[in-house]
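> What follows is the residue order along each chain.
There are 2 protein chains.
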Amino acid sequence: MGFGTMAQTFNAVTVENGTGMGRFMLVCEHASNAFPDAFGDLGIDADTARSHVAWDPGALALARALSKRLDSVLIHAGVSRLIQDLNRPPNAQSAMPEKSEVYLIPGNRDLTTAERLRRTREIYIPFHARVAAELAQRLARGEQPAFVTVHSFTPVYFGQPRNVEIGFIHDGDASFAETVLDRARVTTGHRCELNAPYSAADGVAHTLRLHATPYGLRHVMIEVRNDLLAEDAAVTRIADGLAEALRRALEWLEDVGNGKETV
Amino acid sequence: MGFGTMAQTFNAVTVENGTGMGRFMLVCEHASNAFPDAFGDLGIDADTARSHVAWDPGALALARALSKRLDSVLIHAGVSRLIQDLNRPPNAQSAMPEKSEVYLIPGNRDLTTAERLRRTREIYIPFHARVAAELAQRLARGEQPAFVTVHSFTPVYFGQPRNVEIGFIHDGDASFAETVLDRARVTTGHRCELNAPYSAADGVAHTLRLHATPYGLRHVMIEVRNDLLAEDAAVTRIADGLAEALRRALEWLEDVGNGKETV
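Protein chains in written order, with the working numbering: chain S, 48 to 310; chain H, 48 to 310.
Some hints here could point you the wrong way.
In silico DSBU-like cross-links for lysine-lysine, where the CA-CA straight-line distance does not exceed 35 Å [what the hints assert, rightly or not]:
1. Lys307/H x Lys115/H
2. Lys146/S x Lys307/H
3. Lys115/S x Lys307/S
4. Lys146/H x Lys307/S
Derived by calculation from the structure, the hints in this document are not laboratory data. Owing to the predicted nature of the structure, the values given are computational and were not obtained by experimental measurement.
All chains, please: the whole structure from these sequences, using the hints.
Okay, structure coming up:
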């Protein structure tokens, strides 16, 4: 096959830094481009398996760096989004896409109901059950974690270059995303935008909607252009800036809530 | 103890009619007034354990009758809401209340974090994980179930009589609740009201918000005044009327969507 990412077994979900005392929950749905034997390679070639349609390159490294800096739990996925996109409802066409951007995915063509059901049972259900359980336990302990999903996006999409470098996307409540964005412009030095290169209206905020919004949690989906994550040193630098922005945003919003600041 | 409902073991969640081919998912969070040994009786007396603060009397019988008439899955809880109210976030005071209406619950006073966490792990997490899994599998099969929670309420609350007989409560999207309500007025002959005797703004729509709203599902929380459910014959009659209203509401909304009706 030639993929570096073929695997005999797989974990739908992995939790790291579960005992971290920080105030955040980090989730990385597109962490992996693994194609475990149970699902096969979907008939794609090695270039496709390494491309942004199979995963979010650099997102796991960034999420791990944030988890370390924020001393906060990280939950990440163990299979390619082409097998099951965990940031989509299981009935969405894009959850098991026949075509992603310009790439055809033969193994997703004319999927049987049985295969959709199997992937949902083996990947979607355990992943989101684990996120829900980690969250419920923190709530029961009296914590109100800020909920952060970590993604990367391709610099060129359908042939069009994207100028935005880091996007901050929210579901129902914009306040945390806006506050992080303001700080990230300074702390990262990158071109930061709200709800770019896409927004919840495009159906990309499923994880936030499923977990953060029902509990009224502060939340943001961070999207970093993946060419900025190609080198370790760059990941480190961006993680430094984003961790600082996330921490300051939470402090500022809590100070406002406590009357220490005026809005 | 004298409770008819003390139990050595317990199931946090029970699924009935899981292979039903109907278009609904029925959930009954307050089905049981069981106080399993693992949690004890919370220091309450037998009257309190039989009262509406411990469960929704008649709700399970009604939910089962609806499950049969609609040939649809029913998921119900196995412990008293005083141990864990599954229709509240686990961090809400009312999830493990020290006082419910006029009843003091000694076993919930000054709960330790460890005990809150244990109940959340043993009751809340498995219950909602099962609801989520049943729903995800139906979505993966291409179904779009209408999501219905079944409750009962006390005719007298803090000394005030309630005139409403059946309430229809919604979370974000009112359309299904309104449509069922209109039909239920005719099919049940009872005094039906929207968002009565309380509404999602009172924090009582947690289950709808956690499961139905993120997927954009049609949903309604049905609240029947519990004096109307005291006799089997009455449960049967109300179930007939509500099942008819639910079925007709779904058909009507789908016909509108298909252009067969004008709004």
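> For every hint, state whether the structure bears it out.
Evaluation of the provided hints:
{"no.": "1", "hint": "Lys307/H x Lys115/H", "result": "holds (29 Å)"}
{"no.": "2", "hint": "Lys146/S x Lys307/H", "result": "holds (33 Å)"}
{"no.": "3", "hint": "Lys115/S x Lys307/S", "result": "holds (29 Å)"}
{"no.": "4", "hint": "Lys146/H x Lys307/S", "result": "holds (33 Å)"}
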